[in-house]
Amino acid sequence: MATTTTPEVLDESPGENPAEHGMSPVTNTGVSNEKLAMWSFLGSECLLFGALISTYFLYRGRSLTGPTPKNIYDIPYTSISSFVLLMSSLTMVLALAAIQRGDHRRLRLWLTATALLGTVFIGGQVYEFTSFIHEGLTMRTNLFGSSFFVLTGFHGVHVTLGIMMLLSLVLMSARGRLPQSKVQVVEIIGLYWHFVDVVWIVIFTVVYLIPSPVAHSTRPLQIR
Amino acid sequence: MRNSGKLRWTLKGPLALGLVLLLGGCVKNASQDTLKAHGSIARLQNSLFIPVFWIAVGVFVLVGGLVGVCIVKFRARSEDEAPRQIHGHTKAEIAWTIMPAILLASIAIPTVKFVFDLNKFPKNAITVNVVGHRWWWQMDYTKPDDVNQTDFTTATEMHIPVKQQVIVTLTSVDVIHNFWVPELAGKLYAIPGRHNKLVIEADTPGTYYGQCAEYCGTSHSNMRLRVIADTPDQYAAWVTAQEAPAAQPVVSTSPDTTTTTPGVTAAPTEASLAATGANVFKSAGCAGCHAISGISDGVVGPNLTHFKSRSVFAGAIFQNDDNNLRLWLANPPAQKPGSVMPNLHLTSDQINQLIAYLDTLR
Amino acid sequence: MSDTTDAASETPTAAGATTLTGSDTPAPVPADPGERHLVEEAVEHRRPTPEGGEHGAHPTDAQYMKIALVLAAITAVEVAIYYVKSDLGLGFAPILITMAAVKFFLVGAFFMHLRFDNRVLRRFFVTGIVLAIIIYVIVFLLLGVFTSTHGAHS
Amino acid sequence: MAIVLEPPPSTTAPDADKHAGTPAGTPFLRRPHSSEGFWSWVTTVDHKRLGIMYTATGFAFFLLGGIEALLIRLQLARPNGHILSANQYNQVFTMHGTTMVFLVIMPVSVGFANYLVPLQIGARDVAFPRLNAFSYWLFLFGGIFLYSSFLFGGAPNGGWFGYAPNTSIPGYLPGRGSDFWVFGLLLLGIASTAGAVNIVVTTLNMRAPGMTLLKMPIFSWMSLIAQFLTVFAMPVITVALFLVMFDRNFGANFFNPAAGGDPVLWQNLFWLFGHPEVYILILPAMGMVSEVLPVFARKPLFGYPVMVFSGIAIGFMGWGVWIHHMFAVGLGPVAVSAFSVSTMFIAVPTGVKIFNWIGTLWGGSLRLTTPMLFAIGFIVMFTIGGLSGVTHSLSPSDRQQTDTYYVVAHFHYVLFGGSMFGIFGAIYYWFPKAFGRMLNEKLGKIHFWLTFIGFNLTFGPMHILGLQGMPRRIYTYDKSLHLGFWNMVSTVGAFIIMVSLLVCIYNIFVVTPRSPRVSADPWDARTLEWSIPSPPPEYNFAEIPTVHSLDDYWHRKYTEDDEGRLVRLPNYEAVRASSDTNVAAPGQHIHMPSPSYFPIVCSFGLVVAAYGMIMGHTNGANYLVSVVGILITIGGLYAWGLEPSAEPPEEHDGEHGGENAPPQPAHLGASGGTMALDAPSTAALPPGETHEGGTES
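Chains as they are written, first to last, in this note's numbering: chain A, 1 to 224; chain B, 1001 to 1362; chain C, 2001 to 2154; chain D, 3001 to 3697.
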């Protein structure tokens, strides 16, 4: 769309202002408010998850008692649920492509699939949490427990919110309240969903795959 | 014009006054004065601060002066003045970007050097492990030949030999504290789970005040300490005295007479009082928290082995005399808010006996 | 102005074309210009292929699936590496992190359209990521994550 | 609905009723319609009302924080003071700091940004009017939540910096204050993030035609930078607060040394937020001053682009200096040197700003009005704060000054002598715009001089106290320290400040309401907000202006002769007069976002959730209260998402269809196409925005 040619943030020239050309009066940046807001929110979320992941990373191998990641993680299991979440990104983007084509049946299909995959992931996480707790790892147990549960829990809450949004979209679409003109709603929620997915990509690597340094006892405690 | 002159002085008057007062203020006899360095470390720190402080004053005089000139010179005289519209000046911008940068670079160099200087630690120095507690300082003197071994433990008041760098390693058992004896050295945190290292040194014999500088809870204000710089001889004598075991109270012949009939019997001798006090110490709960070598080994409160050798107690908020001790023992939290030492509801006789006993712990 | 009327005349068409269950709701949400441009975009997208316009480079469904396949493959390799890590020694963590970064990039660039979308958006996100990486790596350095000795330097 | 227009108001009410029943309305709450009275303020989404509410609420908290400051000063006036107990004192200084940072300077700056940014950039409202209302209510509720802790077992007492493990391990600090502190700050963090996103999007997206970023008023610029910092800094403290929350409420070990947790992590996270926060607090005030000085010097801002870029530089560099709050932590010489140097060099862009302000004054024609006095006071006082900041960057000697009253003096010169002076100047400067009446100048000058003297008496001596070894946050000090004299001086100064505030309040509430109304442009000012009546109509601009230059309004009135001297354009008077009549023509109608109940409902739910968390700490069953709160919020968000931002315009289009675009829901900027760009301001809020809020919560 020619009308959305983006003026540079800092070096736009007045002549480029669409309104003066009698062109579509888009926003100054050419991006809608909602999308810009979502992206700035995602930028903010980078710092949020960055802090959580960093906390986990910092405390790797510093727990003074077990269990440790090594003897509790079930990598094949987590790999599958990671894969499920990764594929939900695909279904999400297919949903967006569908509404962009005006294919509302496929939109609902893919949105439902995305929500379903997300639910499978959350179900997997619930199962994982329960089994960890059975194996004696809670938030209170050690640093590993604290940082693991808080990090993955935060992510899980984000996924859950995403599922709620997706289901709302399905419902709206089914009631005919999601016309093609509102394609952007799908896009914005898609952005959120993909973000949650990329965060998990990082978590999967940093938390699950990269092993903790050995030894949770190298650090003598001088507390008397 | 007349008006603007007045205005300028109303603007600058308080500032000039402030500056004068600042100078006046430094002469005051404050006992934790950071500008009154009494040791090489504090002097090093001041040798950086004081010149930069005066540079800053100079810059301020420049800026304030320029503002003052503007107010006087460019004050509107009529409503219709048409000043020249200056939108900017590239050379000026470059100048006042680069000049401060050069100035700052020139103070950055000594700063970095001093940072590394402060991280040089003398070898074979006396090492004292200082542990922060809510709200008092514990000092573990290490053995001269092995810094991993504690030689003796004291609290609140530490001695150092004069003109000798002493390494203080800092940690804490609860929250973050901050060890600070301004006239000897800048502060450093005592953080639970970490060990920080600080050098202190005193030039002249004397008593130096210090206190915890990081907010650590209710009685943060009451977490003070003293560093006493001794001549080498005095210090050696002090160490010998501290290394000695606690004084043993003379065994009382009739320990319970005083407790059963308070105030009735003739005044017991100091010795028998003290001996009773030792028993009170063991039975009333003191021993659970306080260590006295050979008697108890509590670690919650200060080590009392040579309690009476210290001039202050309870986080250095009290002079170590019988009156203060009496008040303290009667109700510690009332004297020091939030005190971890509870009110043991001791009778006044028990208190007297305890004081008599503590008096023997020299 | 002409554009306004353009959008105006297009909108009912677009909405009409998409209404499925009858327009029980008047869909009264008035779109902002941002949405208006989307309306126009949507109009363009009514063509069989979602190409054209600024977002013309949008991948097709097939391309999305290819990207997903690549993502899946990388994940598989990651897990495989996890099981053979002993052979790779120290090179192990950087390889995994690189692969995660590639996945991150693929999702961001294609699924989130950062590759095709307005530069402003990329800046927001890249600012967030770069800022996060820099400051948290500094925190790691300060807190001794990369050194074997824990805690303070002293 | 709030269609602000000249057409007979009688038509609005029936229309409104008609619409409340349509599916466009929400299923269970009728759309609010009143534009006057209590409910109109509760449900308003007008950025100007919200801006005033922000500022007024902030000012109220300023008085509370000021009372706390007086208590502190009374306690410390003499050695061994007995006005407060140790625990009370600790609560008071914690609340003083928390209040002044989170409940005063931040929200007042946001309030000004709210009020001014749309006016300065030529927009009808902010990008997300309801999100704006949500931010305000959450800020208010968060503030009330924090202060309610005084009723429930004691206020926060761990310091505004809340160092772990003091705050993270229950039992170290008496009372429940730390829980209130954690949840209060979380609420305020959500509020400020939402508000910041809003202002960032507004500024980037909704500028009038022709207003490139480098023609944007400097205050809008500085707000933009500050809000960017908020967007990126808030999540860091959010995480830190969550970690403490999990430590306190659920037995996690993040900052528990006994389990290997590192308290220094808290310090890093806190100051990672805390230092950008300093610039969040000072940048808007710098912007305010940069607006005031040119107007009263009758000269443009000296080096406007340099001012912008130095602001950006400060914003960036603000991320690389946080360790200077931790020079005494013992982080090793490399880290300490690096951060010493980075801290020093942040003085460069700051110094550039100061010199540019002086450059603005130089050669001007200075009118020493009250706003100007505060602005000049800002320059001088902020310079002192900046210079003492440089002495703090000397990390070796800062080991003496940190955690003493020298620091207290330093940051009060920055935050009071800087931010508050800027804000006071801004209040005097923009008051006539917001309320149509000029604050009394005579009282204003008294206010300024009392503040100036009181301020210097209060905080000047603190430099000395710090150098003489008075640590911060002590509730008492011994006579032997010889600190009594300067503490007494400081206390006297604090009371002079309080008197000056009373003068200000008297001025605002008693004297000014009786003063005559002023024109649109009483100061002969430069920026767009002065081109519309005072107070501005709800829609701000009857016609969105097209901008040709920086200080566009000024250039409609003035030009320069060959020598660069100021020359009035012939139509000078006409331009100023037309500003007073710059309102919508009869029949013209401008669709504005409608009031809504849901912002306040959503924020209320979050506060309920926070109380539930506090109560749940003692009895797990009470966590149900939190669940209820979250459900209220989610319900509110759904209703919000389904409710259109603005009521549909059909009924009016029917009347005026001829001159407007054909009726279609996608069109808001109805009148005659000239205000094409207003439309984003009335953006529909599809569920996308709901989720914006939703993910926050």
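These are computed hints drawn from the structure, not numbers from a lab. A few of these clues could be false.
[Said to hold, decoys possible] Label-pair distances were calculated between CB atoms; the ranges are: (1) B:His1195 x D:Gly3363: 37 to 47 Å; (2) D:Val3628 x A:His134: 47 to 57 Å; (3) B:Lys1197 x D:Val3628: 25 to 35 Å; (4) D:Glu3563 x B:Lys1091: 27 to 37 Å; (5) B:Cys1289 x A:Thr65: 51 to 61 Å; (6) C:Ala2109 x D:Phe3038: 44 to 54 Å; (7) B:Glu1243 x D:Phe3150: 25 to 35 Å; (8) D:Phe3152 x B:Asp1233: 30 to 40 Å; (9) B:Lys1073 x D:Ser3040: 45 to 55 Å; (10) B:Pro1333 x D:Phe3150: 31 to 41 Å; (11) D:Glu3563 x C:Leu2141: 55 to 65 Å.
[Claimed, not checked] Just so you have them, the derived chain D footprint on chain C, three or more residues with Cβ under 8 Å: (12) 2093-2104; (13) 2120-2131.
Beta carbons are placed, not taken as given, at the ideal position from N, Cα and C, and that holds for glycine.
Query raised in the report: When you take the CB atoms of Phe3152 of chain D and Asp1233 of chain B, is the distance between them in 30 to 40 Å?
Result: violated, 60 Å
Query raised in the report: Holds or violated: 27 to 37 Å for the Cβ distance of Glu3563 of chain D and Lys1091 of chain B?
Result: violated, 20 Å
Query raised in the report: Per the hint of 31 to 41 Å, is the separation of the Cβ atoms of Pro1333 of chain B and Phe3150 of chain D within bounds?
Result: The hint (31 to 41 Å, Cβ to Cβ) is violated, given that Pro1333 of chain B and Phe3150 of chain D are roughly 22 Å apart.
Requested in this report: Just tell me: holds or violated, for the beta carbon distance of His1195 of chain B and Gly3363 of chain D against 37 to 47 Å?
Outcome: violated, 59 Å
**Report entry** Lys1073 of chain B paired with Ser3040 of chain D, Cβ distance criterion 45 to 55 Å
**Finding:** With Cβ atoms ~50 Å apart, the hint holds.
Query raised in the report: Honestly, do Glu3563 of chain D and Leu2141 of chain C meet the 55 to 65 Å range at C-beta?
Result: holds, 57 Å
**Report entry** Range hint compliance [Cβ, Ala2109 of chain C to Phe3038 of chain D, 44 to 54 Å]
**Finding:** Given about 51 Å between the Cβ atoms, the range holds.
Requested in this report: Using the beta carbons of Lys1197 of chain B and Val3628 of chain D, state whether their distance is inside 25 to 35 Å or not.
Outcome: violated, 53 Å
**Report entry** Annotated coverage of the region 2120-2131 of chain C by chain D, confirmed only when three residues or more have a Cβ within 8 Å
**Finding:** holds (count 4)
Report task. For the range 51 to 61 Å, tell me whether the beta carbons of Cys1289 of chain B and Thr65 of chain A fit it or not. Result -> violated, 28 Å
Query - Within 8 Å of chain D's CB atoms, at least three CB atoms from the region 2093-2104 of chain C: coverage verdict - result: violated (count 0)
Query raised in the report: For the pair Val3628 of chain D and His134 of chain A, does the Cβ-Cβ distance stay inside 47 to 57 Å?
Result: Hint violated: Cβ distance 30 Å, outside 47 to 57 Å.
Of the numbered hints listed earlier, those contradicted by the structure are 1, 2, 3, 4, 5, 7, 8, 10 and 12.
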